Amino acid sequence: MGSKESVLPPAAELTDDKLLEMYYAMVRGRRLDERMWVLHRQGKVAFHISGIGHEATQVGAAFTIRQGHDWVYPYYRDIAMVLALGMTPRMLMLGLFGKKEAVSSGGRQMPEHFSYRPSKLVTISSPVGTQIAQAPGTAFASKIKGSDEVTVVCFGEGTTSQGDFHEGLNWASIHKLPVIFLCQNNQYAISEPINVEMAVGHVSDRAKGYNMAGVSVDGNDVLATYDAMREAMARARHGEGPTLVEAITYRPVPHSSDDDDRTYRSREEVEAWKKKDPILNFEKLLYKRGVLDDAKKAEIEAKVMAEVNDATDYAINAPYPAAEEALYPVYGPLPG
Amino acid sequence: MSTHERTITIRDAINEALFEEMERDDQVFLMGEDIGVAGGVFKVTSGLLERYGPNRVIDTPIAEAGIVGLAVGAAMTGMHPVVEIMFCDFTTLASDQIINQAAKLRYMTGGQCAVPLVIRTTMGAGRRTAAQHSQSLHAWFAHIPGIKVVLPSTPADAKGLLKSAIRDNNPVIFFEDKMMYNQKGPVPKGEYTIPIGEAHVYRSGMDATVICTSSMLYPSLEAADRLKEEGIHIEIIDLRTIKPLDERTLIKSAQKTGHVLVVDEGYQSFGVTAEIAARITEGAFDYLDEPVRRLGAADVPVPFAPALEDMTIPSADQIYSVIKTMVS
Ligand SMILES: Cc1ncc(C[n+]2csc(CCOP(=O)(O)OP(=O)(O)O)c2C)c(N)n1
Ligand SMILES: [Mg+2]
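Chains as they are written, first to last, in this note's numbering: chain A, 1 to 336; chain B, 1 to 328.
These are computed hints drawn from the structure, not numbers from a lab. Every value quoted in this text rests on a predicted model; they were computed, and no experiment measured them. Ideal Cβ positions, reconstructed from N, Cα and C, are used throughout, including at glycine. One should not assume that every hint holds.
Derived list of chain A stretches under chain B, where covered just means 3 residues or more per stretch with a C-beta under 8 Å from a C-beta of chain B [as the list claims (entries may be wrong)]:
no.	region
1	101-108
2	113-126
3	153-163
4	191-197
5	251-265
6	319-325
Hey, can you work out the whole structure from these sequences and the hints?
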């Protein structure tokens, strides 16, 4: 197995072009997500669950994943991640509306429950945590087949209370499986703050119980996340076992379009976190390095908005599936 | 409406039942995800944390097996936990605790221990939340000896049945249709309960019987209204409880009308409709003019897109046309 590409440069050595690609990926996720909220407010779609605020974590991670080679179990907030891994704004918009052409399921699965075979993206499970048990199975298969594929599974910090999290980590560590558990710790599980969810200070502390590498990183810093994931990738790719990566971030928007976050947290808290916005963070850094300026920024915004508008128009005009399509594919064809 | 009633929603009726039972018995406590500070994702538990405090209204980690396990452990000591599982689709994560533990502990200990536990959970499609948030899995639990299964369709029944469930000395699973929380109806003032295990003849009629569960009452009523204009009088029976099952009321009605349709939102195969059809066939065979008909959810995972989802759930139109073919 050629694993040359697996030796990624550390963040400090990334080229200007690579940095701009990362920035574009973050802005693309944000703007598409914002449009989805607008469409929900306009009553055009039934539901939206958002990745706003998680872009640095997701893009930092995505840039360490070998697209189409590694397996990824995203979770429902991973809009910026799946876009960085080969899905398109059109695909996501079609999914939001439940249109026939939506690649993830042709209107059968919920919005933001991404699946896309060419990028080896496994669908989201609505019951949270179940995929943390599955991911080591996928990694186990890669190991048995002698492939250097790595499996990445994403979830929130609240989900680490589920039994499946503990069962999955235990397995992965016993068999030194090539899997990365990427926890996007946004401080809340719907209304419940982290101190109601767990007694440990850091999700990554849980790794010790399984004799597994565990790290916490600033999830609003795309380059820090990239470096942490890069290290975990190298470990997994070289047969040295799994890592639990905790990216510490925040969800500045309600849990989903059904939620009213004013019932459980103060506006001051939300505003304080907004000052640490991952995109603003990165922008400042890029300006300082001279990689980004006003003209370049406007150009990227314009390009992204053109894509977002195109995806919106395309999805609005696309046909819905016909009612009978509800009836298949429940079973596959008989073999032979 | 008498002066002893007022009109409230199912959400408020359930909330009242919880308040009254917590007030009556300090062994009653609530556990679930987001039920405290946020008052529940469907806002059913609003105000309870403020009134009864964090020892009796507990926001739990996301851990369904753990929540129900803890509730079983507490119930065995004589406490009365009332657990909320946000969607019945997630009861699967707690299924060992429900099916192998809660349901069987009384029997396996020769009656030495009781598990007075209530699990409130939501059922029903129509909310555009697809395969893992929209199922109606009540028949699964009714299959298991040792559990009672309740599924009310009106505010008055929801309140009276939940109070009975909390006072029951057995595990009870209480299914609330998530699309019905805003449904309004008359609810008596003051203390009352409704016994578990009694069906309700919601409307009487001579020409055919519709037996329904939970939210299926409403399309059944709509179909019956249309049929009434055509001079066809439908008897509507709301089961309210499927375990134990009020067989007598069903059989009596079948004997009277000779035509029976069962409507339920669970998957049609191996579900409530099949069980009722069998019971009626056994109990009223000689009186039936034709086989018992059934309408359940299509045997597919519940899809997301509106047109797809709608075609998988029994509708008033379907109920109307099945009855037309039955009585003509
Ligand atoms: C098994 C299960 N229980 C409950 C839920 C309801 N639910 C959906 S998201 C969520 C919170 C998850 O919190 P976290 O893991 O921190 O992820 P976040 O949404 O904050 O990104 C809950 C409780 C669910 N989807 N699945
Ligand atoms: Mg969270």
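Taking the hints in turn, this is what the structure says about them:
| no. | hint | result |
| --- | --- | --- |
| 1 | 101-108 | holds (count 3) |
| 2 | 113-126 | holds (count 3) |
| 3 | 153-163 | holds (count 5) |
| 4 | 191-197 | holds (count 4) |
| 5 | 251-265 | holds (count 4) |
| 6 | 319-325 | holds (count 6) |
In summary, the structure agrees with every hint in the numbered list given earlier.
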